[in-house]
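Student: Order-wise, the sequence lines are chains A and B.
Mapping of the first sequence onto this note's numbering: position 58 corresponds to residue 58, and the numbering continues sequentially without gaps.
Mapping of the second sequence onto this note's numbering: position 10 corresponds to residue 10, and the numbering continues sequentially without gaps.
For the record, the hints were derived by calculation from the structure and aren't laboratory data.
Fair warning: there could be bad hints in the mix.
[Said to hold, decoys possible] According to the in silico footprint, chain A covers these stretches of chain B (three or more CB under 8 Å from chain A):
(1) 23 to 32
(2) 42 to 49
(3) 52 to 59
(4) 62 to 72
(5) 82 to 90
(6) 101 to 110
Just so you know, even glycine gets a beta-carbon here, dropped at the ideal spot from N, CA and C.
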Amino acid sequence: MASHDAHAAAGAHAVHHDPNIGTTGLDNRKVGMWIFLGSDCMFFGSLIGTYLSYKGKSVGGPGPHDVFNIPLTSESAAVLLLSSLTMVLALAALEKSDHKWTGRWLLATALLGAHFVGNQVYEFYTFAVHDGLRLSTNLFGSTFFTLTGFHGAHVTGGVIWLMGLWWQLKRGRLNKSDYTKVEIAGLYWHFVDIVWIAIFTIIYLIP
Amino acid sequence: MADTHAVAGPQSHGGQEPAHGGGHASVRTYIWVALILGFITAIEVATLYVPGLPNGLLVSSLLVMSAIKFVLVVGFFMHLKYDHNIMRSFFIGPLLLAILIILALMALFSAYILLPRP
Chain A
1 MASHDAHAAA GAHAVHHDPN IGTTGLDNRK VGMWIFLGSD CMFFGSLIGT YLSYKGKSVG
61 GPGPHDVFNI PLTSESAAVL LLSSLTMVLA LAALEKSDHK WTGRWLLATA LLGAHFVGNQ
121 VYEFYTFAVH DGLRLSTNLF GSTFFTLTGF HGAHVTGGVI WLMGLWWQLK RGRLNKSDYT
181 KVEIAGLYWH FVDIVWIAIF TIIYLIP
Chain B
1 MADTHAVAGP QSHGGQEPAH GGGHASVRTY IWVALILGFI TAIEVATLYV PGLPNGLLVS
61 SLLVMSAIKF VLVVGFFMHL KYDHNIMRSF FIGPLLLAIL IILALMALFS AYILLPRP
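Using the sequences plus the hints, can you model the full thing?
Tutor: Take a look at the structure:
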């Protein structure tokens with residue numbers, strides 16, 4: 001009888017054991033991602049704080065209002081917001097085991113992200129070549145390129161991550177049991193969106 | 001807007017609470033949130049072109065609209081509204097610190113975006 005109970009307990013343990021679940025009962029990968037995002041908040045907080053601290057203190061031009069292209073940046077903001085929607089739609093499709101639409105939404109998210117990066121490359125090129133604003137030109141150049149460049153690098157990393165998930169899905173290596181894996185990628189993707197929400201307002205819109 | 005459901009994720013076993021700590025909104029809610037975000041963004045950009053708007057009012061309204069967008073994305077798209085309190089504290093704590101870092105740096109360098117320089 002005792003042996004039977006011990007066997008049942010061991011069986012139950014085997015069923016319930018998941019190496020990703022910590023003692024809190026939460027998925028360690030997701031907890032880790034939230035901690036990373038919290039630390040990334042402070043990273044971008046430092047960059048935004050530095051930009052604001054040096055705002056209007058450049059000795060020579062060009063300044064923000066000589067170079068900013070608000071319509072282009074607004075389109076970038078809209079593209080990134082739309083990509084957040086396609087990301088949650090990908091997750092919702094995966095939850096229903098709808099692999100066809102999961103793939104489509106993941107690909108759409110990655111392409112929208114790539115579009116954003118393309119806009120940023122165009123913007124940087126225009127600033128550097130046509131407006132003469134480079135990293136070392138003045139305080140505005142150094143703080144602007146560092147802040148938005150790091151954000152662009154985050155978006156680029158997110159695009160690569162999403163393409164990797166899309167590729168795994170196409171190869172049949174991603175399914176409903178990988179929900180948390182895709183959710184974590186989504187958390188990262190939405191984070192780059194919220195950072196852009198802050199950058200768009202603080203850097204581009206506030207005079 | 002508030003229709004939600006818990007996700008019985010892969011770590012959820014035998015009807016237990018979802019292991020990743022919460023549910024999420026419905027697709028319909030996501031679309032509504034996206035529409036609201038797009039609308040607020042349009043208002044933000046349009047605000048720039050309103051003639052004669054006092055600087056203080058312009059800056060404060062832009063910051064408020066940005067904060068609303070931020071909360072909507074974090075709450076609904078990142079599911080923090082439905083997530084475990086531990087997840088919230090891991091994100092909101094450092095977020096508050098980040099805001100304090102920004103304010104501290106601005107104070108150190110006498111930088112003002114709302115108040116006029118003395």
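Student: Evaluate each hint against the coordinates.
Tutor: Right, here's what the structure says about each hint:
no.: 1; hint: 23 to 32; result: holds (count 4)
no.: 2; hint: 42 to 49; result: holds (count 4)
no.: 3; hint: 52 to 59; result: holds (count 3)
no.: 4; hint: 62 to 72; result: holds (count 6)
no.: 5; hint: 82 to 90; result: holds (count 4)
no.: 6; hint: 101 to 110; result: holds (count 8)
In terms of the numbered hints stated before, the structure departs from none.
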